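S.K.: Chains D and Z, in that order, are what the protein sequence lines are.
For the first sequence, the working numbering puts the final residue at 288, and the numbers step up evenly by one.
For the second sequence, the working numbering puts the final residue at 262, and the numbers step up evenly by one.
Hints are computed from structural coordinates only; laboratory data are not their basis.
Because the structure is a prediction, the values reported are computed rather than measured.
Worth double-checking, as some hints may not be accurate.
Restricting the straight-line Cα-Cα distance to at most 30 Å, the calculated cross-link-like pairs of lysine-lysine (DSS-like) are [what the hints assert, rightly or not]:
(1) D:K123 x Z:K111
(2) D:K123 x Z:K192
(3) Z:K62 x D:K123
(4) Z:K135 x D:K123
(5) Z:K189 x D:K123
(6) Z:K193 x D:K123
(7) Z:K197 x D:K123
(8) D:K123 x Z:K52
(9) D:K116 x Z:K111
(10) Z:K36 x D:K116
Restraint-style ranges between C-beta atoms, simulated for each label pair [claimed, not checked]:
(11) Z:E200 x D:W65: 40 to 50 Å
(12) D:W65 x Z:R129: 26 to 36 Å
(13) D:I34 x Z:R115: 22 to 32 Å
(14) D:R41 x Z:E146: 24 to 34 Å
(15) Z:R129 x D:T172: 27 to 37 Å
Stretch by stretch, here's where chain Z covers chain D in the computed footprint (C-beta under 8 Å, at least three residues) [stated by the list, open to error]:
(16) 38-52
(17) 119-130
(18) 192-205
(19) 279-287
Beta carbons: idealized from backbone N, C-alpha and C, even for Gly.
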Amino acid sequence: MSTTVDAPREQEFNPRRHVYEPHRVGLPPLVPYIQELWRRREFAVELSRTNLRAQHFDTAFGQLWLILNPLLLGLVYFLLVDILHHHRNAPQFFAHLLSGLFLFYFMQQSLTQSVKSVVSGGKLILNSAFPRALLPLAAVRTAFFRFLPTMLIYIPVAIATHRPVTWQLLWTVPIVLILLVLATGLSLILAAGQVYFRDLDNFLPYVLRIWMYMTPILYYAREVPEKYQWVLDVNPIAKLFTAWSDVLIEGIAPTYRGMALAAGWGVVLFIVGFLFFVSRERDFAVRI
Amino acid sequence: MISLSGSDRVSISVQDVSVTYRTAYEKKPTLTETMKRLGRRERIVREIEALKGVSFEVEHGKVLGVVGANGAGKSTLVRTIAGILPPTTGRIEVDGRVSTLLALGVGFNRKLTGRENVVLGGLASGLTRDHLAAKYDEIVEFAELEDFMDMPMQTYSSGMYGRLGFSVAVNMDPDILLIDEALSVGDAKFRKKSFEKMRELCSEDRTIVLVSHALGSIEELCDQAIWISKGELQMEGDPDEVVHAYTTFLDVGETALTMEDV
Chain D
1 MSTTVDAPRE
11 QEFNPRRHVY
21 EPHRVGLPPL
31 VPYIQELWRR
41 REFAVELSRT
51 NLRAQHFDTA
61 FGQLWLILNP
71 LLLGLVYFLL
81 VDILHHHRNA
91 PQFFAHLLSG
101 LFLFYFMQQS
111 LTQSVKSVVS
121 GGKLILNSAF
131 PRALLPLAAV
141 RTAFFRFLPT
151 MLIYIPVAIA
161 THRPVTWQLL
171 WTVPIVLILL
181 VLATGLSLIL
191 AAGQVYFRDL
201 DNFLPYVLRI
211 WMYMTPILYY
221 AREVPEKYQW
231 VLDVNPIAKL
241 FTAWSDVLIE
251 GIAPTYRGMA
261 LAAGWGVVLF
271 IVGFLFFVSR
281 ERDFAVRI
Chain Z
1 MISLSGSDRV
11 SISVQDVSVT
21 YRTAYEKKPT
31 LTETMKRLGR
41 RERIVREIEA
51 LKGVSFEVEH
61 GKVLGVVGAN
71 GAGKSTLVRT
81 IAGILPPTTG
91 RIEVDGRVST
101 LLALGVGFNR
111 KLTGRENVVL
121 GGLASGLTRD
131 HLAAKYDEIV
141 EFAELEDFMD
151 MPMQTYSSGM
161 YGRLGFSVAV
171 NMDPDILLID
181 EALSVGDAKF
191 RKKSFEKMRE
201 LCSEDRTIVL
211 VSHALGSIEE
221 LCDQAIWISK
231 GELQMEGDPD
241 EVVHAYTTFL
251 DVGETALTME
261 DV
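Please build the complete structure, drawing on both the sequences and the hints.
M.R.: Written as structure tokens, this is what we have:
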């Protein structure tokens with residue numbers, strides 16, 4: 001008897017035969033959903049490519065803004081923080097600041113691009129049936145491909161400020177991957193949340209700004225006084241950014257405990273985000 | 001259990017389907033408003049019954065016409081068949097790959113070029129890149145837009161917009177084509193061409209659901225028709241009879257105005 005209940009639902013994303021039955025919330029069968037998501041990945045790739053092409057295409061510097069934006073921002077923060085703080089080793093601090101900002105910008109871009117991805121996908125959502133998770137995933141991809149060129153600017157800065165070149169640099173790969181997973185999870189939550197609360201995107205910049213201040217970017221993690229250490233402990237990305245600076249600036253391996261904690265946060269947020277989004281997505285067409 | 005009710009010839013089977021929306025009164029649902037409301041302990045959800053217990057079947061190779069007043073639930077019905085809206089109760093079985101041409105300017109982003117839109121739309125509906133590349137020239141040729149494909153779609157006229165949408169939908173080899181009031185665009189020549197294309201699809205045993213206020217098109221193209229009124233299936237049968245009953249109900253008669261494709 002159980003097969004008679006399950007079998008039609010599994011047909012839902014079958015390209016040949018479809019059965020639609022009532023469901024408002026609740027999870028669709030996950031295996032066919034993920035298969036269908038994978039089958040249509042080219043759509044997310046194409047959507048993100050066209051978005052990358054469309055952004056800045058009417059400005060004088062064009063695609064150069066992808067690099068100019070974070071660089072100018074880095075300079076602004078450097079002036080600000082260095083004037084207030086007077087670091088003993090200003091060049092090293094500049095490298096720390098820039099690398100941290102670039103990485104944070106990757107997450108910030110993922111979230112700000114994703115949050116409106118479903119709501120602004122209005123017509124596409126009303127007119128064709130496809131796994132909606134592709135929309136925020138495309139936005140994260142866009143953010144990732146805006147992040148990669150910024151690391152190219154970091155290379156001359158690292159050389160000029162004599163940052164150590166060691167095997168520890170390989171840690172950057174898992175660090176970026178963990179942040180990618182974490183940002184994807186949050187993006188899915190925000191994109192679905194925006195459908196229900198249309199002013200989420202108004203709050204987001206302020207939340208992100210505070211989050212950045214809570215993360216060791218404008219300062220070193222070791223400078224944080226004991227009584228504020230809890231801020232780093234509750235911040236899911238603090239350990240990741242500490243590791244990032246350890247690897248790139250100090251040339252030392254990050255703590256395993258820190259990396260494990262960060263990876264744990266990433267996986268949990270991803271799973272929560274994915275399940276939340278997927279359980280809600282069939283409600284989107286009604287609410288847009 | 002996965003068999004379609006009736007014979008194998010049934011392509012779309014809609015079984016006692018109701019769709020109820022729960023919408024909020026407010027125009028834009030915002031967090032701030034929700035907070036305020038929670039403070040006042042009030043709920044502002046309103047239920048709208050867009051479809052009430054609708055059942056019908058369409059066989060392979062047939063054209064179903066759907067008529068009804070504005071807001072009767074026609075678009076909801078088509079979206080439910082396309083799998084975009086889940087039914088609240090009842091069950092829908094669709095045998096085949098569905099291509100949709102719903103309302104005007106489907107899924108098209110006006111800032112992107114025609115080419116980019118065709119690729120995005122095709123990929124979203126599940127075509128592969130290879131398949132799309134093979135079909136691309138055919139789509140452009142059918143829409144007669146060879147010179148415009150690399151221009152942003154905001155430069156297109158509404159006729160060009162509609163032609164491209166129609167061309168994409170029919171050239172994707174759909175088993176089932178859902179068309180929602182999209183035939184009113186395009187000049188007489190293009191309309192003739194699109195009618196021919198639809199007949200060709202039917203001869204290949206494909207199914208078409210056509211929603212239109214152009215009752216002449218319904219009579220001319222369809223094998224069967226349904227009339228939906230306030231979410232309920234008012235009548236089902238021969239297109240001429242359904243259109244006649246509908247126009248009589250509207251008390252306008254089959255004048256030139258209702259019959260022509262405006």
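S.K.: Please go over all the hints and tell whether each is borne out by the structure.
M.R.: Results for each hint:
1. D:K123 x Z:K111: Holds: D:K123 and Z:K111 sit about 14 Å apart, inside 30 Å.
2. D:K123 x Z:K192: At roughly 27 Å apart (the allowed maximum being 30 Å), Z:K192 and D:K123 satisfy the hint.
3. Z:K62 x D:K123: At roughly 28 Å apart (the allowed maximum being 30 Å), D:K123 and Z:K62 satisfy the hint.
4. Z:K135 x D:K123: holds (23 Å)
5. Z:K189 x D:K123: Distance of about 28 Å is within 30 Å: holds.
6. Z:K193 x D:K123: With a Cα-Cα distance of about 26 Å, the restraint between Z:K193 and D:K123 holds, given a limit of 30 Å.
7. Z:K197 x D:K123: Roughly 25 Å between the alpha carbons, so the hint for Z:K197 and D:K123 holds.
8. D:K123 x Z:K52: holds (25 Å)
9. D:K116 x Z:K111: Satisfied, since the Cα-Cα distance of roughly 17 Å is no more than 30 Å.
10. Z:K36 x D:K116: Status holds; Cα separation ~23 Å.
11. Z:E200 x D:W65: 40 to 50 Å: holds (49 Å)
12. D:W65 x Z:R129: 26 to 36 Å: holds (29 Å)
13. D:I34 x Z:R115: 22 to 32 Å: Roughly 30 Å apart at Cβ, these two residues keep to the hinted range, so it holds.
14. D:R41 x Z:E146: 24 to 34 Å: holds (30 Å)
15. Z:R129 x D:T172: 27 to 37 Å: holds (32 Å)
16. 38-52: holds (count 7)
17. 119-130: holds (count 8)
18. 192-205: holds (count 6)
19. 279-287: holds (count 4)
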